[in-house]
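> Here is what each chain is made of, one letter per residue.
Protein chains: 2
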Amino acid sequence: MSSPTIDFANAVAGVVPGTGIDPDRLHGDLAARFRDAHAAVTARRRAGEMGFFALPADRDLTVRTGAVAATVAPRFESLVVIGIGGSALGTAALRDALLPPAWNELDAASRGGRPRLHLMDNPDPDSVAALLGRLNPARTCFNVVSKSGSTAETMAHLLVAWTWVESSLGPGGPRERFVVTTSPGRGPLRKLAEDHGLLALDVPDAVGGRFSVLSPAALFPAAVTGIDTGAVLAGAAEAAARCSTPELLRNSAGVLATLLHVADTEMGCPVHVFMPYADRLRGLAYWIQQLWAESLGKAVDREGRPVESGPTPLPSFGAADQHSVLQLLMEGPRDKIVVFLGREVPERDVGIPERFAEEPALACLGGHTLFDLLDAERRATAEAMRREGRPNLTVMTERLDAHAVGSLLMLFQIAVVYAGELYGVNPLDQPGVELGKKLTFGLMGRDGYPRPEAPRSDSRWRV
Amino acid sequence: MSSPTIDFANAVAGVVPGTGIDPDRLHGDLAARFRDAHAAVTARRRAGEMGFFALPADRDLTVRTGAVAATVAPRFESLVVIGIGGSALGTAALRDALLPPAWNELDAASRGGRPRLHLMDNPDPDSVAALLGRLNPARTCFNVVSKSGSTAETMAHLLVAWTWVESSLGPGGPRERFVVTTSPGRGPLRKLAEDHGLLALDVPDAVGGRFSVLSPAALFPAAVTGIDTGAVLAGAAEAAARCSTPELLRNSAGVLATLLHVADTEMGCPVHVFMPYADRLRGLAYWIQQLWAESLGKAVDREGRPVESGPTPLPSFGAADQHSVLQLLMEGPRDKIVVFLGREVPERDVGIPERFAEEPALACLGGHTLFDLLDAERRATAEAMRREGRPNLTVMTERLDAHAVGSLLMLFQIAVVYAGELYGVNPLDQPGVELGKKLTFGLMGRDGYPRPEAPRSDSRWRV
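Taken in order, these protein sequences are the chains called A and B. Under numbering that gives the first Met the number 0, the first sequence has 126 at position 127, and the numbering climbs by one with no breaks. Under numbering that gives the first Met the number 0, the second sequence has 34 at position 35, and the numbering climbs by one with no breaks.
Hints were generated in silico from the structure; no laboratory data involved. Don't be surprised by glycine CBs; every beta carbon is placed ideally from N, CA and C. Each hint should be verified, as a subset may be incorrect.
[What the hints assert, rightly or not] Pairwise CB distance ranges (calculated):
(1) B:ALA42 <-> A:PRO305: 47 to 53 Å
(2) A:ALA108 <-> B:PRO359: 43 to 49 Å
(3) B:TYR448 <-> A:VAL344: 23 to 29 Å
(4) B:GLU76 <-> A:ASP59: 44 to 50 Å
(5) B:ASP35 <-> A:GLY132: 31 to 37 Å
[As the list claims (entries may be wrong)] Taking lysine to aspartate or glutamate and the DMTMM-like style, the derived pairs with C-alpha atoms no more than 25 Å apart in a straight line are:
(6) A:LYS190 <-> A:ASP334
(7) A:LYS436 <-> B:ASP300
(8) B:LYS436 <-> B:ASP300
(9) A:LYS436 <-> B:GLU387
(10) B:LYS437 <-> A:ASP59
(11) A:LYS190 <-> B:GLU353
(12) B:LYS436 <-> A:GLU358
(13) B:LYS190 <-> A:GLU353
(14) A:LYS436 <-> A:ASP300
(15) B:LYS436 <-> A:ASP334
(16) B:LYS436 <-> A:GLU343
(17) B:LYS436 <-> A:ASP6
(18) B:LYS436 <-> B:ASP446
The following block holds chain A by itself, in its conformation from the complex (with noise of 0.2 Å):
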């Protein structure tokens, strides 16, 4: 029961051609400034503003989750979560790691009765339409998940579903098939589940939607599918405990932050490619782009001074995307670092047989298997990027199991508030999505919202 470990070496000058950190800054500057970002980190915690940290003891809120759990797991065939952005990403990236692939494809017995899970996330009715048209109304049940409790896009889901329960079921249907997960004491979410009785959990006041994901946003459809969420936990208290000293180099989350920021701010490379060889964590490469763009992302700084910082996250997939975004990795600007994640040992294999042995390009690929062939896959492409001098480093798990990948979680979500105090910045705010939300809503012809004035449609700049 390891936690991840970060293998820099393809960062550090000398080691990469014509580039990198000079070592030496690690135990000087370098180390210093991180210091200072975990001395504030701390003070911030402390002073409650970090309930991320808190939720892997949370045992109150734990016990509540698998409770309620419990008592819908057996009762339907389909769960469906209602939620956008931190409130859908975290259960995805869960989903994607910890769930058998193509889970919603398998049959009950394969699934071992646990439910099929579906997010409805986006309001687009293609897929809305197309999901409710092979649900069983009887048999589904809704969690919907804001933290706000109104969130538009989840507001507007939570009508349709109701409303496609009532029809079906009568009055009495939504009960019993909605779950909420929202803060306690307030929001129309909650006032909604008090009055009509709904079974409801909480999202802690200091959880951010984007830190939400060991709280039950996330948890609760984990466990309901059968996902070993105190695994996850305990994997994710054990990365806090190695993430939690000022020593920089023995603090992988603070290592994460200062390379990253340093290859932003200094070496030229706002891009951060993350780019996992593992089908499994496709969800958390997503999960991660948002809590690096929406934290880091800032006009002003801690005292309100323009900055418009941020580095731009980039997901990408090995080893599929070396034929895709590899290309332009390799040759072109050196303006992008690559995170590289990996495992050292696979949870299950497959033989590559050996055969068509008299062909070169096939000889090479038999009696070997897949996972050495991903694997030699990830070591070559970040040996051929070292040679051409552009830098990478790579976070390892030894498996992929659920205490790992709580590692992960915990690891990047400290990471990115280590990063908000190198930057400067508030890493728990979103102010630049508002003014969207309000010519939004005067589009929909919200009371008090005006229409907004857009400039008048100009065939000249339309083509």
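Based on these hints, arrange chain B on the given structure of chain A.
Below, chain B without anything else, positioned relative to chain A:
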């Protein structure tokens, strides 16, 4: 049957505050520059370099593809496409756009008796073992797609699948169940097809992998699953005709290429965000990402001079990613231009019922539709970005039918070869991926490929 239009008002100086293209240049230097690019593309096309232009009119290829698809479709319950990169992304783009959502979760009747469609692209043992575990070998067809006929991942999957079929059905099993799509007349895959009497389809020599979506590489799986490939090709042909003029402001591919090239090279916007507001365009966005990254990410120009060029294509998905990357797009560094993709009219829509209207957050939703909300979010986001001085364009189609999807595919292919001329690079090669391939072969022990000496693992640089 209209082709896509591009509205670029929000990238024009005077409309988007503080940045934008001087519109007079579209009649001046940029028009002249495009005229040269157009002439160069026309010359290369005539010289036979750019085979994708000719695919919509290649009647022999189309008839052959349809005939093979007709023999395959009724015999199988699953089609597995074994391919990676350009041999998978086009199929995924067509699947996402034109098959009903969650096609593989539908029963046979809802699929019109057509096969399920699976992609075996990444050599990840978790995915491959899970896929084979839920397939019936007798009722599964494998379509092995590789232009070169020697792609390592594809060859490994071929060996796995071939032996899996044989072990269940005997030595005659594979012959009836494998269809190959590869270069005519050469390569290990072609030889295998000839040796074993397999059905075979051609990717014409002048058609590169990432330009093969309108060839049998993607049209065969599309035809097997019942997509109207004739309409896709008709849409592509119409777009090609509309994008054939050297007059910049009448050529939508030219405008797209010119604006994005200027954004990268003159406006400080190397990050090109491709952001559809339609779940059905997810696959298209990843297909565009490959097209942009591999075609434009180049170390040297046509004359061999070092350039290290190429924008970073970042797929993003509205409205969901308004809760993920939008914060960065609105407030972070001004190094991005967004290409929104939308449509005028949805194929289907879902009404939002008027319920719980005492809550203001819900009252403004009822009586609208999900498409109203999705489309208001697209327009509001484009307008919010404009107000913040963040340039953006919008590619619109009237509908998202097979004709429109074909038009989009051709529009972006033509745009990228124009962009190649504007950057001065060869958009058809991908020399940067060779080193990683060689090192992989070395690690796999292939004769003649030395095992790479990586720097000795150094515990100082691991945490």
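> Decide, hint by hint, whether the structure agrees.
Structure-based check of each hint:
{"no.": "1", "hint": "B:ALA42 <-> A:PRO305: 47 to 53 Å", "result": "holds, 48 Å"}
{"no.": "2", "hint": "A:ALA108 <-> B:PRO359: 43 to 49 Å", "result": "holds, 47 Å"}
{"no.": "3", "hint": "B:TYR448 <-> A:VAL344: 23 to 29 Å", "result": "holds, 25 Å"}
{"no.": "4", "hint": "B:GLU76 <-> A:ASP59: 44 to 50 Å", "result": "holds, 49 Å"}
{"no.": "5", "hint": "B:ASP35 <-> A:GLY132: 31 to 37 Å", "result": "violated, 52 Å"}
{"no.": "6", "hint": "A:LYS190 <-> A:ASP334", "result": "violated, 48 Å"}
{"no.": "7", "hint": "A:LYS436 <-> B:ASP300", "result": "violated, 44 Å"}
{"no.": "8", "hint": "B:LYS436 <-> B:ASP300", "result": "holds, 23 Å"}
{"no.": "9", "hint": "A:LYS436 <-> B:GLU387", "result": "holds, 14 Å"}
{"no.": "10", "hint": "B:LYS437 <-> A:ASP59", "result": "violated, 54 Å"}
{"no.": "11", "hint": "A:LYS190 <-> B:GLU353", "result": "holds, 17 Å"}
{"no.": "12", "hint": "B:LYS436 <-> A:GLU358", "result": "holds, 17 Å"}
{"no.": "13", "hint": "B:LYS190 <-> A:GLU353", "result": "holds, 17 Å"}
{"no.": "14", "hint": "A:LYS436 <-> A:ASP300", "result": "holds, 23 Å"}
{"no.": "15", "hint": "B:LYS436 <-> A:ASP334", "result": "holds, 23 Å"}
{"no.": "16", "hint": "B:LYS436 <-> A:GLU343", "result": "holds, 21 Å"}
{"no.": "17", "hint": "B:LYS436 <-> A:ASP6", "result": "holds, 22 Å"}
{"no.": "18", "hint": "B:LYS436 <-> B:ASP446", "result": "holds, 14 Å"}
When each numbered hint is compared with the structure, violations occur for hints 5, 6, 7, 10.
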